Amino acid sequence: MFELRGWLLDLYPDPQGGVILWFLNQDESGEFRRLRLHQAFPITFYVAGSDQRLRELWHFLRTQPIPVKLARCQRRDLFQPEPITVLSVEVVQPAAQPTLFRQVYQAYPDLTYYDADLPLSLRHAAVYGTFPLARCCLSIDESQEIQELEVLDSPWELDAEIPPLQILSLEPNVDPFHASPTHLYIRSGRYSYCLDLEPRRALLVNLRTILERHDPDLLLTVWGDTWLLPRLLALSRRWRIPLPLNRDTNQEVMYRPERSYFTYGQIIYRGRQVHLFGRWHVDARNAMLFHDYGVEGILELARVTALPVQTVARVSPGSGISAMQMQTALRQGVLVPWHKQQAERPKSALEMFQSDQGGLVYQPLVGLHSDVAEIDFISMYPSIMARFNVSPETVGVERATAEIVPELGVIVDRRRPGLVPQTLRPLLEKRLEIKSRLVDLPPWNPRRKSYKARASAHKWLLVTCFGYLGYKNARFGRIEAHEAVTAYGREALLRAKEAAEELGFTVLHMYVDGLWVQKEGADSVADFQPLLEIIAERTSLPIALEGIYRWVAFLPSRQDERFPVANRYFGVFQDNSLKVRGIETRRRDTPLFIAEMQEEMLELLCKYPHASLLPQALPRLLSLLRRWLSKLNKGQIPLEKVLVSQKLSRSLQEYRRPSPVALAVAQLEAVGKEVKPGQCVRFVYTRGEPGVHAWDLPTQPNPATLDTQRYARLMLRAASTILQPLGIDETTLQDWLFSNAGYCVTPGSPSGVNIPRLPLLDERRQSKLQSGFISSPATQRYSFLTTPDAR
Amino acid sequence: MGRTLPSITQVFLQEQEAFSRFRRALRRSDQLVLDDLFATARQHLAAAAYAGHALPFETFLLAMLLEEHKQVMRLRQRLEELLLTQDV
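Protein sequence lines correspond, in order, to chains Z and S. Using our numbering, the letters of the first sequence map in sequence onto residues 1 to 791. Using our numbering, the letters of the second sequence map in sequence onto residues 1 to 88.
Hints are not guaranteed to be accurate.
Derived DEER-like restraints, expressed as beta-carbon distance ranges [what the hints assert, rightly or not]:
| hint | chain 1 | residue 1 | chain 2 | residue 2 | range |
| --- | --- | --- | --- | --- | --- |
| 1 | Z | 588 | S | 31 | 34 to 40 angstroms |
| 2 | Z | 588 | S | 13 | 24 to 30 angstroms |
| 3 | S | 66 | Z | 110 | 26 to 32 angstroms |
| 4 | S | 32 | Z | 260 | 42 to 48 angstroms |
| 5 | S | 13 | Z | 156 | 45 to 51 angstroms |
Over the 12 angstroms line for every Cβ pair with chain S, so calculated as not near, a few chain Z residues [as the list claims (entries may be wrong)]:
| hint | residue |
| --- | --- |
| 6 | 99 |
| 7 | 107 |
| 8 | 190 |
| 9 | 192 |
| 10 | 244 |
| 11 | 376 |
| 12 | 443 |
| 13 | 494 |
| 14 | 524 |
| 15 | 546 |
| 16 | 560 |
| 17 | 604 |
| 18 | 613 |
| 19 | 646 |
The hints are simulated quantities; they were obtained by calculation from the structure and are not laboratory data. Keep in mind it's a predicted model, so treat the numbers as computed, not measured. Ideal placement from N, C-alpha and C gives every residue a C-beta, glycine not left out.
Next comes chain Z alone, as it looks inside the complex (with noise of 0.2 angstroms):
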């Protein structure tokens, strides 16, 4: 027997009985090392229903030939206020478990089932407190065999030492469904390859030497998940070759198949995954949010929800926060159910009314105004669940302890600690010292980076615990607490407002968890203070400044100037940066040199520090428009850049109409390139028939051919969202920009909406005339804009 430290790095079910843990274990010499031990593990799933049927399972259970302990026993049902009694079927062989499940299942489907599917990982989790990557002090025999693991450090930990992981990226010279690569670019640490993927076994072989030489623990690939990896393995197959990608030799490559589904309203795909033994393989194309918060992201994901690497980085948050209620319910012994059979309770139409809304959302009062401050409530709904205790088994429920909450109409349990809060309390105050650090950190400091991308990690996992409290599918799931936490989330918005208005401020704006206010006079941190602690001493939630906009612009609905839209926006903070909402730059469908343009506009108003001062931009503005028109006109902008890229949102047969996407996925089609609903299609415009050319086709598209006119229209479209607050509609920027029209204003004129065009000038006069063209008598329009009462 002997004892060593280590991290995890990997574990799953042996077929031959008990589960494999890899750890990372630094010896006397100071090398680091990998190793595989082995661990005995039984695991339990409980079954519930009446005494005649349990006898009858139990009887089954003994004549089945995988190895079970039979037990009667007392567990809590978090939905009853009484323990119940169930029949808990402990298995030897965790990796047997499924199988007898399924079973036990198929003849006795009439049975209440829990604890029945959790993940292996979250089981050991709720036993040791084991998490990827936990520090572990590991009592060893001599067959390699765990007898004792003791975990030293907690994944709430903020600066958890890190061991020095081995990665390898492996990255195709070009998108695969895009054109055919034909080298394999391989990077660890210092050494970087160039593998030429033909010959073929030339590559086998080489790359075997690799992976063998460098030993990774990540295996970070690009389009590793739905080509590289599977043709791979297909070559090493048909070469007889083998190629090492597990570490553990004894297991076989794992597949997951791809598919598309429907979430809030939109269509996801996913593609096919691979998953690796005794290494990770994480695809940066295929995994969640990659681009958001990368491989710390997931590693801090890992950490804090204890499901495998490889399993987290391809999931939604929303598995994750799932995984952790499903721990602490494990941890406190309470039954997980294995499908959810809690039901609504029946309301009335009235109550239907009170209770089925959202957050609230305002209508912003559309228009430029200077010096507005950004108050946020800190992840509000995480912080209403845990303040309030909202949680499944609190609310709604008719309890001794509960009690009423009268403005609210919800009843809440406050005295016992509801299973949601208790899973949230510590990711909560995780973020908040992480961001608090943030704030004290300097920008050069290299931790940065990381809190960064844990911050964003986490706040993925809060922002999606609360859509798990209402979906009807989740286990911990209660569509009367999602409604009690929009209840709380409204009346402690209304609260703010309320605030905010009686210390004199006027309320520009809403949204679900933030307000924008503004007050004559007011524009240093010094001056929202006071409000600041007045919000959070009414609502006693955590509140904090997001920033004071110089100037921030509201903007109306594109189909009718009239409405205003929640969340349409664009505004310069005290710092220069930029906040943009809703508006072309944002959206994935724009082309990229549009972004651009849109951004360099931006860029340029960013430097005046009033909002009347941003007519003087006008002139700058116009000549930036031309520039990027005429080099769309001489074709200087690089095919990828005027590429548009669109998510195909059913299957193809169920167009009526053929959309420009369509026509590009028919198009793909015909050459045999599948592709599925949710799945990306990029292309150019084109002129003619049939108006699209998709990009991953074979053949380039000729850049004589693109369809200019249509661009310049998305263009003009994409400046004019920017020039709309200035007063300037985009009929007015076409007469500007392509009837050569002037843009004087006539001194005097008393309202900006309708400027009076002097078709006039060429573009020589034009330009001398520009500097201090337009400056007093814009200044005055943009009065009128500014305050918002005289609307």
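Here the structure of chain Z is known, so what remains is to put chain S in place on it, guided by the hints.
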């Protein structure tokens, strides 16, 4: 995520739709004014949603009235200011 109740914007559009025959029979100039009236109500959708009234059109009517009255007060103030300057 299914919705049991239509969103307030959907309700609003349904209510507006319910008057499409009325609108059709109006003169073109009146049609535009009617559209304007509906547009003003749209500014208070959030409040209408929060109210959770069983007859949402009442709330929309009140929102139109509110915007109309704001306009009246604004004009009254303008008029008084103008009269004052004339007196001087």
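Hints and how they fare:
With their beta carbons about 38 angstroms apart, residue 588 of chain Z and residue 31 of chain S fall inside the hinted range of 34 to 40 angstroms. A hinted range of 24 to 30 angstroms for the beta carbons of residue 588 of chain Z and residue 13 of chain S is consistent with their spacing of about 27 angstroms. The hinted range of 26 to 32 angstroms is not satisfied by residue 66 of chain S and residue 110 of chain Z, whose Cβ atoms lie roughly 58 angstroms apart. Our hint of 42 to 48 angstroms for residue 32 of chain S and residue 260 of chain Z holds, since their Cβ atoms are close to 45 angstroms apart.
Hint check: residue 13 of chain S to residue 156 of chain Z, Cβ distance near 48 angstroms, so the stated range 45 to 51 angstroms holds. At roughly 34 angstroms, the least C-beta separation between residue 99 of chain Z and chain S is larger than 12 angstroms, which holds for a residue marked as non-interface. Residue placement check: residue 107 of chain Z keeps its beta carbon more than 12 angstroms from all beta carbons of chain S (closest about 34 angstroms). With 12 angstroms as the threshold on Cβ separation, the claim that residue 190 of chain Z sits away from chain S holds: the shortest Cβ distance comes to roughly 48 angstroms.
No beta-carbon of chain S is positioned within 12 angstroms of the beta-carbon of residue 192 of chain Z; the least distance is around 46 angstroms. Separation of residue 244 of chain Z from chain S is adequate, the least Cβ-Cβ distance of about 44 angstroms exceeding the 12 angstroms criterion. Every Cβ of chain S is farther than 12 angstroms from the Cβ of residue 376 of chain Z; the closest lies at roughly 18 angstroms, confirming the non-interface assignment. Listed as a non-interface residue, residue 443 of chain Z keeps its Cβ farther than 12 angstroms from every Cβ of chain S; the least gap is roughly 38 angstroms.
The Cβ of residue 494 of chain Z sits about 8 angstroms from the closest Cβ of chain S, inside the 12 angstroms cut-off, so the non-interface label is violated. For residue 524 of chain Z, the shortest C-beta to C-beta distance to chain S comes to about 30 angstroms, beyond the 12 angstroms cut-off, and the non-interface label holds. Against the 12 angstroms criterion, residue 546 of chain Z stays outside the reach of chain S, whose nearest CB is about 20 angstroms from its own CB. Non-interface call for residue 560 of chain Z relative to chain S: violated, since the shortest CB-CB distance, roughly 7 angstroms, does not exceed 12 angstroms.
Every CB of chain S is more than 12 angstroms from the CB of residue 604 of chain Z (nearest about 31 angstroms), matching its label as outside the interface. Chain S leaves residue 613 of chain Z outside its interface by the beta-carbon criterion, the shortest separation being 28 angstroms against a cut-off of 12 angstroms. Consistency note on residue 646 of chain Z: stated as away from chain S, and its beta-carbon is indeed over 12 angstroms from all of that chain's, at 23 angstroms minimum.
Checked against the numbered hints given earlier, this structure breaks hints 3, 13, 16; the rest are met.
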